[in-house]
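Engineer: The chain contents come next:
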Amino acid sequence: MSVRYSTTSRMLAIATGLAVCAIIARGAGVGPWELVKAVIEGSFGSPQASAATLAKVTPLVLNGLAVAVAYRAGLLNIGCEGQMTLGALAAASLATRAGEWSGAVLIPATLALGGLIGAVWAMPALWLRRRKRVHEVLTTLILNTLALHLADLLVVGPLGDGTAIGRTALVARQAFLPSWEFDRGAAVSLAPLIAFGLVVAVQVWLERTVWGFEVRATGMGPLAARVSGIEAERWQRRVFLLSGFIAGLAGTLEVLGVHHRFYRAFSPGYGFDGITVAFLANGSPGWSCVSGLLMAMLRSADKWLQLSLSISPSLIWIIQAVLLLSVACQARIDAVWPWMKRVFGRLPGGPRASEEAQS
Amino acid sequence: MHDRPEIRFCSVSKRFGSLWANREISFDVHRAEIHAIVGENGAGKSTLMKLLCGHFLPDEGFIALRGRESRFRSPRQAAEAGLGLVSQQPHTFPQLTALENVLAGHPPGLFRLLRPAAARTRVEALCSRFGFELPLDQRAGELAFAHRQQIQLLRVLYRDASVLVLDEPTSLLAPPEAERLLDLLRGLRFKDHTVLFVSHRLSEVLSLADRVSVLSKGRCVGTYATADVTRERIARLIAEDGGAVGSPPADRAANELGGAHAARLSISHAPVVEEEDRAMRGPAPNNRQLVSLAAGAGTSSCPHERSVGSRGTRIALSLDGVRSEVSTDESPLDRVSLELVEGESFGVGGVVGNGQRSLARVVSGLEAAVEGGIHLAGEDVTRMSLRDRRLRGLRWLPANLTDEGMLPAASLLDNCLLGLQREMRFQRYGWLRSKPVFRWASAMLSAGDVRYPALGYPASSLSGGNLQKLGLCRALEGKPRVVLLEQPSRGLDLLAQKQLRSRVHELRAQGVSFLVISHDLEELFELCDRIGVLFRGALMGVQNTNQARRETLVRWMLGGP
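For the record, the sequence lines run as chains L and E. Counting from 1132, one number per residue, gives the positions in the first sequence under the numbering used here. Counting from 4, one number per residue, gives the positions in the second sequence under the numbering used here.
Please keep in mind that the hints were generated in silico from the structure rather than gathered at the bench. Do not rely on the hints blindly, as some may be mistaken.
To be verified - Sample of chain E residues lacking proximity to chain L, with all beta carbon distances greater than 10 Å (derived):
#1 Glu36
#2 Glu63
#3 Lys194
#4 Leu209
#5 Arg239
#6 Met409
#7 Pro439
As the list claims (entries may be wrong) - Rough simulated footprint, nothing fancy, chain E against chain L, three-plus residues with beta-carbon under 8 Å:
#8 1285-1291
#9 1334-1341
#10 1358-1366
As the list claims (entries may be wrong) - Okay, the calculated beta carbon distance ranges per label pair:
#11 E:Glu328 x L:Val1335: 40 to 46 Å
#12 L:Leu1281 x E:Glu328: 40 to 46 Å
#13 E:Ala446 x L:Leu1324: 39 to 45 Å
#14 E:Glu145 x L:Lys1263: 56 to 62 Å
#15 E:Phe65 x L:Ala1146: 30 to 36 Å
Yeah, the Cβ is synthetic: ideal placement off N, Cα and C, and Gly gets one too.
Only chain L is shown next, with the shape it has when bound in the complex (with noise of 0.2 Å):
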């Protein structure tokens, strides 16, 4: 198939997208330019708006980028909520509870901590995976329930504090994050920061390295890589658990960056939009920070928008999904935008664009 035929299919659908989408805000008495800029005012239209879309990144990016790392050695981790959660609670409990801790050593551990445990809450779907031959998406799905539940249990239970509201102390004021005050109540911690170095070391990890080309090369192919020598097996473990960890450290920063405490039902299905920040980007770590961005600013629009179009947030919902339908529909931001590539690094998949200049 030659590229300009796909990359012209691709943008068909991203337009079918757009189409469906004006045609559906048209019905609800909305122009579809004034949809996108209530999405763009909702979302930094003033500096409480940006500061809200901030904190909604950093959870939403990092369990993209676990989903996404887990797909590229050619495992699915749907478990993100629930590794997400735990690791969380875990960091939550600990910072309550280290007070005479100075800041420099308590983050450090709390961060290391919450990723741990996400790692850990990622292994039984390994060992049945290995053991048992049960697929991963299964047990992470069934993990998540568990992982909640036991998280309302202890959060009750033993490591809360004391009310029924179910919710722990607040943390030692030394683990908050360092935060920047920019306005009048909109403060932005340092956790995007930390995301998005994250998202870039990955990604150069897999691109540029020995490890990197052996766990993509796990991933387009299994067998072919075990032939060639490759510890096929091994780096899909590693992976995992590494996903494992970020998703429970996208919890940990959302403790100590954003609630410096754990609450019941902490994630508002931050886990689960890991997925389609992921597949949004096609299983790129890279374009994960472009697609987590994507979907903060849809999230945390929502309420502008039903104030200021007073459209309902279903809606938003709705349009939101259509136009990722259409995206999923092989419509890869890359080829609509190729400057983007050299900033966020290629999509899996496609030809390098130094090598598309020479041929």
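Based on the hints, put chain E in the right spot on chain L.
Structural biologist: Relative to the frame of chain L, chain E by itself:
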């Protein structure tokens, strides 16, 4: 009888991107004719067959079937018009059984129900008529490659297609099977079927086909009655356009190295006979002890020197009474013993399913031996992983290259690097050095005469023969000690086969040993010093190539003494 052509290609052109796969191809295929199509790798043979069978539409020109222009929008429409394609890569559903695979796509009976019992009897009848030993209730994913090809053939025969289109049907068959297939095709012609087949084996083409069309670089050079042309003339026609540029240096290399090789062979042949006896007698306990002692003493770092009898040559690979696990798709190995001297090439032949795949898997380390020992250059590697054996210089070109050796979705660059990524010249402290890799890969592919659009394109964009060339280049790259080649000439055109031979000879002169596993006796005769035959997992016997008799080998293949 030949008043109206069954199929008429009328200046058919098909373009992929900037590459013309077919350019103004015109020829006729008569009714009840066996028509062969020959040409180099990438000459556009497979594309033409796919155009005929509705996989895609021609960009220009048209194809007429029985006098009417056919514009099939799908392979299904082509099938309904009586065309049946047996493609180069067997397309099967791995989860379905062989029987279900044969029935797939076939119009169901009353109330849209499959009638398994009736269908089964028919398929069984076809199998016994054509001598296929196909386990009908096994899942296709577990079947040997050649069995999957039989599935495709059965699919077409079951549907009673009036035009059979076969893309290199015999490339994976052992001589007795290939002979049966050719008989089958001859029989079909008498029943008024038309057969169109692509092949690289000119002897087969000349003995089977009525007429032959030669393709070169996407164009049709001509159509000839096989009675009027010689093998040499066809070979010249094939090479005339595309091959002429590349062939003289390759020829020269082959001649030069051929001389050196002959000198080598005269030295190594005398002891080979002695070794053959040993191989046939079975495991040699004394040698085995000696080897494991040496390995235990820590001499593994330097190649192990052995003096057996009068010979001073070193053993590169030895198998002592190796048995393998019972697998679903073919016979497990039954106490196979063989030894390869450095620089020697040993061929293993046999009918599909008699343990060739098991042998490759056990030697490569993908599967563990149940019993017996494997030594690589004197070191016991029986319990070693595939990766560790690779590090000790064992290379493997698997038979099912697209699944086992390539990442079809990954770029050609990544595919070149696959398996070699840890070599020091390609990395610095764990970072891949993209420039040296890029330079090396382009050099390797052009040396191997692989035709590719650009290194960034996915491996799936290569034609079957070019993919095979890439696999070969990669397997012979670096410093191999023992190379395990499975069906090495599969899909290669004559020129590429010649280049493969000269490359193998060149490496053997440097002391590299080859274990060649092939269903094709001609290939074994050309590449190997000694040929052994596997039957039901056991090594029936070994012959020196220069004294080997085809009849004996074929008899062994069928289980005779």
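Engineer: Each hint should be assessed against the structure and marked as holding or not.
Structural biologist: Results for each hint:
no., hint, verdict
1, Glu36, "holds (34 Å)"
2, Glu63, "holds (16 Å)"
3, Lys194, "holds (39 Å)"
4, Leu209, "holds (37 Å)"
5, Arg239, "holds (33 Å)"
6, Met409, "violated (6 Å)"
7, Pro439, "holds (13 Å)"
8, 1285-1291, "violated (count 0)"
9, 1334-1341, "holds (count 3)"
10, 1358-1366, "holds (count 5)"
11, E:Glu328 x L:Val1335: 40 to 46 Å, "holds (42 Å)"
12, L:Leu1281 x E:Glu328: 40 to 46 Å, "holds (42 Å)"
13, E:Ala446 x L:Leu1324: 39 to 45 Å, "holds (43 Å)"
14, E:Glu145 x L:Lys1263: 56 to 62 Å, "violated (21 Å)"
15, E:Phe65 x L:Ala1146: 30 to 36 Å, "holds (34 Å)"
Checked against the numbered hints above, the structure breaks hints 6, 8, 14 and satisfies the rest.
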